[in-house]
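Using the sequences plus the hints, can you model the full thing?
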Amino acid sequence: MDKKHAFEGLSDVEMARQKTAELRFYRGMGSIVCAWGVVWLFGFGAQSIYPSLAPMVWAAGWLGALAWTFTRPPKSHDIRALATWGVAVICLILILVVTRADQTTAAMIFGLALSAAYAVLGIWFGTRFLALAAVVLVSAGLGWWFVPQWLFFTLALGGGAALILGGLWLRRP
Amino acid sequence: MNRCHEIIHQQHRLRIMAALDNDPEPLDFATLKAISGATDGNLGAHLQTLEKAGFISISKEIIGRRTRTWVSITIMGRQAFREHVGFLEDIIQTTHITREIKK
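So the sequences go chain by chain: Y and D. Read in order, the letters of the first sequence are residues 1035 to 1207 in the working numbering. Read in order, the letters of the second sequence are residues 17 to 119 in the working numbering.
To be clear, the hints were calculated from the coordinates, so they are not data collected in a lab. Some hints could be false.
[As the list claims (entries may be wrong)] Sample of chain Y residues facing chain D (criterion: CB under 8 Å; computed from the structure):
id : residue
1  : Gly1043
2  : Ala1050
3  : Arg1051
4  : Lys1053
5  : Thr1054
6  : Arg1058
[Stated by the list, open to error] Simulated crosslink set (BS3-like; lysine-lysine; CA at most 30 Å straight-line):
id : chain 1 : residue 1 : chain 2 : residue 2
7  : D       : Lys68     : D       : Lys49
8  : D       : Lys76     : Y       : Lys1053
9  : Y       : Lys1053   : Y       : Lys1037
10 : Y       : Lys1053   : D       : Lys49
11 : D       : Lys68     : Y       : Lys1038
12 : D       : Lys49     : Y       : Lys1038
13 : Y       : Lys1038   : Y       : Lys1053
14 : Y       : Lys1053   : D       : Lys68
15 : Y       : Lys1037   : D       : Lys49
For glycine and all other residues, C-beta sits at the position ideal for the given N, C-alpha and C.
And the structure:
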């Protein structure tokens, strides 16, 4: 065997290792994305149909999804990555408080923030997340500009149902 | 000791072994197909070859009407794969050293 064949063999090994790690990441994240999709579907669904129940649905959903997220593999969460996401969420909440955003504006800002979060994951970890970011962005944009009276409904579908389907898609090799 | 394993060196089988060595859990048929780039029929044949050599073990799980195939690497397979990768690295290293001496 010459050097060329050896090099090709090692390249195949490296490619297979990278692909395996990528698919393992998608597999781990698939169920987490599904869980957040359920929260968005029921949260915005409740805001659209039973507004009085919405705060309770959101609180239960967030607690459940956070518990699910931090007990799913991969468990090796980098503390700095968690802190970064924490700072982003706190900033988002402060922006909503300072601007005294009404429910509709807050929903739109959450939609944009979720889209941005998936875009960041897409840029750093796996391009499939960019597709999820685009779906959330488009559904939020459609609701905001074209059917503002149905914004919660479009966010429930775009941020919820689409994320559940997206999570199932992530789990596929 | 590093040495060449002819069974592992074939491109698809090398990718399959690299994937199994890299993942602590067994991998299913669809995942191995995506990683190796082989067709269904080819992948089945490669898996049989590796199983016959004792490098992998295959188990079937029945989910409803469908059967899911799980593949995991054996201790012997992991050792053979690492010997083979070491062998490939040695070739590149040796060629590099030979060039340095010629200079």
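Here is what the structure says about each hint:
{"no.": "1", "hint": "Gly1043", "in the structure": "holds, 5 Å"}
{"no.": "2", "hint": "Ala1050", "in the structure": "holds, 4 Å"}
{"no.": "3", "hint": "Arg1051", "in the structure": "holds, 5 Å"}
{"no.": "4", "hint": "Lys1053", "in the structure": "holds, 5 Å"}
{"no.": "5", "hint": "Thr1054", "in the structure": "holds, 4 Å"}
{"no.": "6", "hint": "Arg1058", "in the structure": "holds, 6 Å"}
{"no.": "7", "hint": "D:Lys68 x D:Lys49", "in the structure": "holds, 19 Å"}
{"no.": "8", "hint": "D:Lys76 x Y:Lys1053", "in the structure": "holds, 24 Å"}
{"no.": "9", "hint": "Y:Lys1053 x Y:Lys1037", "in the structure": "holds, 24 Å"}
{"no.": "10", "hint": "Y:Lys1053 x D:Lys49", "in the structure": "holds, 11 Å"}
{"no.": "11", "hint": "D:Lys68 x Y:Lys1038", "in the structure": "holds, 29 Å"}
{"no.": "12", "hint": "D:Lys49 x Y:Lys1038", "in the structure": "holds, 25 Å"}
{"no.": "13", "hint": "Y:Lys1038 x Y:Lys1053", "in the structure": "holds, 22 Å"}
{"no.": "14", "hint": "Y:Lys1053 x D:Lys68", "in the structure": "holds, 26 Å"}
{"no.": "15", "hint": "Y:Lys1037 x D:Lys49", "in the structure": "holds, 28 Å"}
Going through the hint list in order, the structure satisfies each hint without exception.
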